[in-house]
Amino acid sequence: AGVTSCAPGGTQLGQPHQVERLGDTFVPFAVFVDYIQGLATTAYTGGAYRLLEHNCNHFSEEVAQFLCGAHVPKHILTQPDALPPPLRLALQALLDNLVPDSAQAVYADGVRHARQESPDFLTLNQQVEQARAQGAELEQRRSTLAEKLARKERRREKKRKKHGQPVPADMAEAVEAFAPEELSAGPSQPVPEERDEHEERRAPRDPPIFYSDIDGAAEYEKLVSALEGASLSAEEQQSLQELQQYLVLGEGSWVLGDDFLAFIGRILSDAGLAG
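In the UniProt record's numbering, the protein residues as written are 1 to 275.
Think of the hints as simulated: they come from the structure by calculation, not from any bench. Worth double-checking, as some hints may not be accurate.
[Stated by the list, open to error] Derived DSBU-like pairs: lysine-lysine, alpha-carbon spacing no greater than 30 angstroms straight-line: (1) LYS148 with LYS159; (2) LYS162 with LYS148; (3) LYS162 with LYS152; (4) LYS148 with LYS161; (5) LYS148 with LYS158.
Being a predicted model, the structure only gives us computed values, none of them experimental.
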């Protein structure tokens, strides 16, 4: 007798036709187990069962309010009266005769009588209310931090657009989620990155570096004049011709290879090449 249990997401008759999501809960599992055990010895004993007024649907309603403050769909609780009144009264009388008298004093006609809540049960309800309040506070902190991060990201995006930098797609859409233990650590402190940016704005910046325009053709003629009469190998002469094609004639693409680096190194270090 009484309410039986089944696997999560299932029923005693197999797979359900429809699954209703009622919400999330912050109630610890141990507290939930104590709560169920309390119901088993008070409102939902085997003798307290009523086919129409106090059944498994009402049990689900009470547990849903306990866990997440939600209600089961109303059409589940208010089932249509498919039995004629005489047959319903006869069935109710038959069920009442099967219930011990001691149980009738606990729960009759959908109303609890006589028995008072135990101190442990009251303490459990207080713990549940505290857990629910802490969960609401935690959710508020999470929302506040998410809003701060979103504002910070919008400022960064505006700064990138101002300087002509592309905005990464993942940073423009996503906000990092914080773990519950990080959210419950107390008031938020300034992010180190924000402090670094503030210090960077206050610190003096290095002056910009400007490079004057160089006439490639004129500089090439100076190099050729300096190397006039010098003994150059075939590879060095080839490097000199490639440099002329790139600087003077503007032809093709130029690759800075090992041979050219060796040629430049000899020009800078070999005093015999100086003209």
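(message) Run the distance test for LYS162 versus LYS148: straight-line Cα separation, threshold 30 angstroms.
(response) The hint holds at about 21 angstroms.
(message) Holds or violated: LYS148 and LYS161, Cα atoms, limit 30 angstroms.
(response) Between LYS148 and LYS161 the Cα gap is close to 20 angstroms, so the pair holds against 30 angstroms.
(request) Could you grab the alpha-carbon distance between LYS148 and LYS159 and see if it respects the 30 angstroms cut-off? (result) Holds, at roughly 17 angstroms.
(message) Check whether the Cα positions of LYS162 and LYS152 lie no farther apart than 30 angstroms.
(response) holds (15 angstroms)
(message) Hint check: LYS148 vs LYS158, CA-CA at most 30 angstroms. Holds or violated?
(response) Given pair LYS148, LYS158 holds - Cα atoms ~15 angstroms apart, limit 30 angstroms.
Taken one by one, the earlier hints all hold for this structure without exception.
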